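In case you want the letters, here they are:
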Amino acid sequence: MNAAGIGVDAGSTVVKACAVTAAGSRIWQHVELTEPRLEEQARRIAALAREQAGAAPLVATGYGRKLVAGAERAITEITCHARGVFAELGSGGTVVDIGGQDSKVISVGADGSVRNFAMNDKCAAGTGRFLEVTAARLRLAVEEIGAMALAAAEEVPISSTCAVFAESEIVSLIARGAALEAIVRGLHRSLVARLASLVRSLGIVEPVALSGGVARNPAIAAFLAEALGCEVKLPEAPQLMGAYGAALLALD
Amino acid sequence: MAPISIPGRREAIEDQRAAGGGLAAVFPVHNPRALLRSFGLLPVEVWGPPSARGDRAAAHLQAYTCSLVRCGLSFVLAGGLDRADCIVVPHACDSLQGLGSLLLDFVKPSPPVLPYYLPRGERDVDRAYLTAEIESLAERLARIAGRELDRAELHARLDREEQADRAAAALIDDRRRLGLSNRRLYELLRSREYLPAERFCALADSALEARGEMEAAGVPVLLSGLVPEPASVLDALDAAGACVVADDMACAGRRIYRACAFDDPLERQAARLLSGPPDSTRDCSMGARVAHLCELAERSGARGVIFFDVKFCEPELFYLPRLQAGLREAGLACLACEVDLADALPDQILTRLEAFVEMLS
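Taken in order, these protein sequences are the chains called A and B. Read in this note's numbering, the first sequence has 88 at position 108, and its numbers run on one by one without any break. Just so we're on the same page, this note's numbering is the position in the second sequence counted from 1, plus 55.
Chain A on its own, in the form it takes in the complex (with noise of 0.2 angstroms):
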C-alpha cells in the first residue's frame, strides 16, 4: 500500500488509526482499546500504520495526541472530526462527536472548516462513559444497550444527568421493580437531552452528522433527531472519523 498520510486518534477509551491515498480515499485501518501505557501503545501503532500502508507523513489526535511519538504534528479532535466527517459527506454542517471521555459539537463550514465548537465541561455526562457506567450497573455489554432503548415499549424518566447521580437513580428504580428496558431507554435519553442541550447552545445547522464511537449505538441518532427535530447522518465508519480527518490533514 502506498499511504500518502496516516492519522493517529489516541483517543481515552479507544485508538484508532487510519492510512489515505493522495486522493484521500481510507485504504487502512486499525482499532484497539486504549491501554494504560498509551506512549508505547502509540509508537507500536504508528509503526503498525507505517509497516503495513508504507511510509508517510503522520498527524496525531486524540487526548493523547502529544504521546504519539513521530508525529509531524498533533492537531486536537475537533478539526479532525470536522475535516473527517466534511470529507465523508461533502458538507459543513453540524458534527457531534460523542467519545468516551467529552463530546463536541462542531459548526464546520461549507469548506470543511471549524467556524465554532462546543464541549461539555469535566464531567461523564453526555458522553460514552455515562453509558458505560450505567450499563455496568445494569450489567449489561455497552453494545447492546442501544438495540434494547429501542426496543422497549416504555420508557422510565432518569433525571440525573450525572454519571454517578444516574447509577445511584438507576438503583432506587430496580429497588422499585422498573423493567430494565425502560431504564435503558431513559438512560440513552438523558445523555441525548444533554447533547442536544450543547448542539442548541451552538445552534443547529443542518446537516447534522455523528462521530465517535458512541454513535455506532442505533439508540443515540434515532433520539438525538427526535430532540433536534431534524435528520442525523452517520458516516460509514464514525469512530474513524478523527484518525480519517487528522490522515487528511496529514496531506496537506
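The set of hints was computed from the structure by calculation and includes no laboratory data. All of these numbers come straight from a predicted model, not from anything done at the bench. Think of the CB as a built atom: it goes at the ideal place given N, C-alpha and C, for glycine as much as any other residue. One or more of the hints may lead you astray.
What the hints assert, rightly or not - Quick partial rundown of chain A residues pointing at chain B, CB under 10 angstroms, derived from the structure:
| id | residue |
| --- | --- |
| 1 | Arg45 |
| 2 | Ala54 |
| 3 | Ile58 |
| 4 | Thr59 |
| 5 | Asp82 |
| 6 | Phe97 |
| 7 | Asn100 |
| 8 | Phe145 |
| 9 | Ser148 |
| 10 | Ser152 |
| 11 | Ile154 |
| 12 | Arg156 |
Add chain B to chain A, keeping to what the hints say.
Frame of chain A; chain B shown alone:
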C-alpha cells in the same frame, strides 16, 4: 536582549519592610492604591492565592463560592496575612462582600479589616458616594498608620499611578515587539499587583527599551476574564501558537484608568476608580462592554476573544452569554473557559484552547 528581572511578591514585601514601610493586603478588583501608598502602605493584592488550600474555608462558605474567595479566606485562616497592617476588601461582588463580613464578624484576623463599597455607576452621585467612602477609609488608615492624610502626597501618588497606567497600556500596545512569551508578559503586567508604581514603571521602561523591530508571530488573541490562573494556561497558549495582543482581564487591562483631574485628591482617587474600561464588577452596560472588546480587537488585530474565568464568578458569568453573542454578531470568535484557581488546568481546557487557535489559524 537581556531578560528582565521581575521581583516576586516576597521580595517586594521584604524591601518594603526593610524600608520601614507597612503592608496592606488588598482583595480584587478596584483598590485605592494611591491612597494606601500615601499612608506608607504597600498594597499587595490577594488573588486567591491559587496555592492556598481552599478546604480550610469550607466551614465558612457555601460550596458554590468562587475559588478566589475560598482560597483567599483559607489563606487568612492559615495566617498568610498576619504580617499585613490591614486587609482591604472592596465590594466587588457578593462573595467578596461576604468575605469582608466573615472576616469582621467571625474570623477576626489580627490585622484590621477595612471593607469599602464601590458604587456601580459613573455619575456625579456615584463619585460623591465613593469620595465619602474613600474619606472614611482614609480616616481608618490614619489610625492604623498613626498619621494624618497628606493631600499633596496623595496627589503625588495618584500621579505615579497614572504614570504606571500609561506604562501598562504601552506594554500591551507594543506587546508584539517585546519579545516576551504570554506567561512572561503577564508576569510583568501582574507585578503591578505588589510592586510600588515607580518600580513597575522602571520595569516597564526596561521592557519597552529592549523591544525589537521584529513583530512576534502567533495567532493574535484578546484575553478577557478575571485572572490568568493557573498560569499554565499562558504556557498552553504559547504552545498552541497564540499571542495575546490585547487584554481585558480584571487583573490587568480593566485597571488601566483614565487620568482624572480634581483639586480634591480624595475625589480624584474616587473618580479614578470609576474611570476604568467597561467591567463586570461595575454593572457596565452590555453594549459598552461589547463595543470596548470590539475596539480592542480591531486596534490590536486580535482574531478571537478567550474568556478565562473562575467558576462561580457571578459578575463575570452573568455577562458571558450575551457578551459572546454580541461579539459573534460583530464577527469575533469567542471561547469561554472556566477553572478553579486551586486546580491544575484540565486537559479539556487545553483541547479547547488548542482547537480555538487552530480554528483561528
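_Let me make sure I understand: some of the numbered hints might not hold for this structure. Which ones are they, in numerical order?_
The structure breaks hints 8, 9, 10, 11, 12; every other hint is satisfied.
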